[in-house]
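Use these hints to put chain U onto chain S, whose structure you have.
Now for the letters of each chain:
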Amino acid sequence: MSRSVAPLPGRDGRVRRHLRQRWFRYATGALALLVVTVVLLIVQQLWVQSRPTWSEWGLGFLVRTDWDPVQGEFGALPFIAGTLLTSLMALLIAVPISLGIAILLSEYAPRGLRDPLIFVVELLAAVPSVVFGLWGIFVLAPLVQRHVMPAVAGSPLGLLPFFGEPGPGYTLFTASLILAVMIIPIIASLSREALMAVPRDQKEAALALGATRWEATRHVILTYAKGGIFSAAVLGLGRALGETMATTMTIGNRVNLTWDYFQSGYSMTAIIANELREAASEIHVSSLVAIGLVLFLISFLLNSVGRLLLMRTNAPGT
Amino acid sequence: MDTASSRPRGLRLRLRHLRDRLLVTLCLVALVLAVVPLVWVLWEVVGVGVRHLSWEFLTTLPRPPTVGGGGWANAIVGSVVVVGMAMLMGAPVGIATGIYMSEYGDNPLGKSARFLSEVLAGLPSIVAGIVAYGLIVVTMGRFSAVSGAVALALLFIPIVAITTQEALKMVPGHQREASYALGVSEAGTTLSVVLPAAMGNVLTGIMIATARIAGETAPLLFTAFNSRYWMEGIDRPTATIPVNIYAYAISPFEHWHQQAWAGALVLLAMVLALNAVARSLWARRARFMAGH
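Protein chains in written order, with the numbering used here: chain S, 42 to 359; chain U, 9 to 300.
Here chain U stands alone, though its shape is the one from the complex:
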């Protein structure tokens, strides 16, 4: 890097440059230390998971550990249903909150909604589970898919609210002004000018939030609980992939441990795919918007 003119001459200067190099090396070591566990986890999950992943695993019901075989089809369906319900409950609230914070939020309500959304997004997920447990499980007298969905919706809403606000803020102000100048109402401007322009990023935010709640386990342990059968209704205990991974991993059966790895592979593939697609879309749009 050094050209002849900038090459350090004195010993002291040389030491300073040496220290510069040394500390950059330390920073590189830090990066490696963070990336190693990631690669390692991916390696194990893919390596072990692939060996035990099968058509049977994806399409059949669990069987007793002593029999062998069986699959997690009910948990896969359960996860899709619980996460889907959480999205249906959470998306309208989250998007509306994001719209308010971005378009009309320059007031105490908008600011406190933003602040509390950020605080809620960092909240222990198990607390959301306790709230849903008290509100629904205790009242209904049994574990249910819907109580799990409520717990996940509590985690979903703040993330969607924040990402929606960020997405709408990227839309240039002159588009709103142009719309108002044409006599379009507030609702019309937001719904037919600002929201369509930001729609891609709003959906990206929803994907990121979905990836986050799809992997949540703690809030489901005592809400959706678990089941060995096909889902019988949203008011019944329901198996989900993350809870199954936990239950199978802490069981004493080798065969169940293997299934836990296969389940982890399914979950990780879903979560990482959602994230990768969402983040690459967001990055491209952000660059596009910045360029104009």
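So that you can see chain S by itself, here it is in the shape it has in the complex:
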């Protein structure tokens, strides 16, 4: 009996057959591993190129306010401040608008209207940044200078320390407006997904108890989707921080540490876009890359937190 059975494959044979069956899994896995290592490659590149700056000033680079390539003085604070001010203002404008769109699309819009509207909002996300920048230079900035800034300055908002004398058209304020337009699609579509993930019976129960549609939306849907909306805002903030061309073309590009939105300023992305290509000295290049490293770390952190929150809140069974 045992003679008729083929000899069991040895260890070598089993390994070979295993490989023959599994090679594809390992080959695609190797490329997936490559994607994982790209993140390490980015960190390594940014770190190596920015080392001279860190060894010259250490973390003090982040709070230094001088930027003078001729004298060799470099500090990141005016750029970090400009980026934070414009991104936060953009978020402040974009979140209510995005939430309104998300509620409209998920709770109110009739089915036939919903898909075309989603399509339009997604087209907004497809317009290249440099086209928004072009529009910003020639259309939005003059308009903001002539009408919007005087109007804001004349309103009660003008009493806030953030709004001084209306200045030229290229200001932190103009950049914030463009950023707001550009991050609305991502915040709106992620919020909409969060709202749609709320179980329908929850809302129906509220309606059955006599709530109006708005009351059901506010007390049930929004409460349920809070986490998803928050992570949408975090991811939107990440986009705003890293946005380059539209900001560079409208922020004014002046090294100017201020919280007055009606003045020209500078952002982290804009200084890199403007100077890296022509930077001559090693310390100049490394200071620009150092700003890039800080930008990468902030945006990596925001993106990770946003995605993790999204995974947790949108996971089934929670």
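For the record, the hints were derived by calculation from the structure and aren't laboratory data.
Don't take every hint at face value.
[Stated by the list, open to error] Label-pair distances were calculated between CB atoms; the ranges are:
#	chain 1	residue 1	chain 2	residue 2	range
1	U	ARG22	S	LEU201	50 to 60 Å
2	S	TRP88	U	GLY77	17 to 27 Å
3	U	GLY92	S	LEU201	42 to 52 Å
4	U	LYS177	S	LEU74	38 to 48 Å
5	U	LEU36	S	PRO183	21 to 31 Å
6	S	TYR149	U	TRP51	21 to 31 Å
7	S	SER196	U	VAL37	33 to 43 Å
8	S	LEU250	U	LEU36	36 to 46 Å
9	S	HIS188	U	THR147	46 to 56 Å
[Claimed, not checked] Here's a subset of chain S near chain U, in silico, CB distances under 7 Å, partners left out:
#	residue
10	ARG57
11	VAL80
12	LEU81
13	GLN85
14	LEU175
15	ALA192
16	GLY195
17	LEU200
18	GLY283
19	ALA314
20	VAL346
Where is the CB? At the ideal position from N, CA and C, for every residue including glycine.
Below, chain U alone, put in the same frame as chain S:
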């Protein structure tokens, strides 16, 4: 909308319904606020761009601003070459990663690849430019089309990986089981059963990713850089449409501003056409798959 039986009677109830209407109106205002800039940008780009778009613009080299005339033919070719190279580099990696994440990815490697792809897709594009600058421009000692392509490939890969995974996940599991039951290998099942079924959506994802990188400017500023001449090789500085739009827009010359608008029209037409086709295909397929 209200029928006689549900019409609010008490004042309080009427107020509640009024507030309901008011807030829906506010949501509508929000939608209008988002759509107005889009329509406005399209209006300006098409309106101004069409006036300055010409056969000469599409087929000739740039000329000095004082002379007038001239075109962006070199930048159009440059954009196609740089984006094409980025696709050639990025598509195999992105598709393979997507296949792994969808078919074999229920493990730490697959999950971290998915997570990092999502994080990378949200990364500032200028960072990709800095990486390509350090890796290639500094090493080669000059700006080049290939360094721009590497920067764009870094942005291309995560988007393709995510969309490929989503596309493959739409293929019903029983198709894989049927294939395995017939004795087909893992590679055979994925390559000749799952991938063909999902091919349309994989290509759609590639189109969306291509539209995204075709409009990228920031990573090209200090990699592909710019040039006033026909492309001399992939190891040389190369003009692209987005970088040209930026350079011409911030120049002091009226004639160049007009060309920037014409270039924006060309770029926008390409990007929106890719997106519109891709999204309508995806939506149709998604409905088709859901129906079965």
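Here's how the hints hold up against the structure:
no. : hint                            : in the structure
1   : U:ARG22 - S:LEU201: 50 to 60 Å  : violated (38 Å)
2   : S:TRP88 - U:GLY77: 17 to 27 Å   : violated (48 Å)
3   : U:GLY92 - S:LEU201: 42 to 52 Å  : holds (50 Å)
4   : U:LYS177 - S:LEU74: 38 to 48 Å  : violated (21 Å)
5   : U:LEU36 - S:PRO183: 21 to 31 Å  : holds (29 Å)
6   : S:TYR149 - U:TRP51: 21 to 31 Å  : holds (28 Å)
7   : S:SER196 - U:VAL37: 33 to 43 Å  : violated (18 Å)
8   : S:LEU250 - U:LEU36: 36 to 46 Å  : violated (26 Å)
9   : S:HIS188 - U:THR147: 46 to 56 Å : holds (50 Å)
10  : ARG57                           : violated (14 Å)
11  : VAL80                           : holds (5 Å)
12  : LEU81                           : violated (10 Å)
13  : GLN85                           : violated (9 Å)
14  : LEU175                          : holds (5 Å)
15  : ALA192                          : violated (16 Å)
16  : GLY195                          : violated (21 Å)
17  : LEU200                          : violated (24 Å)
18  : GLY283                          : holds (3 Å)
19  : ALA314                          : holds (6 Å)
20  : VAL346                          : violated (10 Å)
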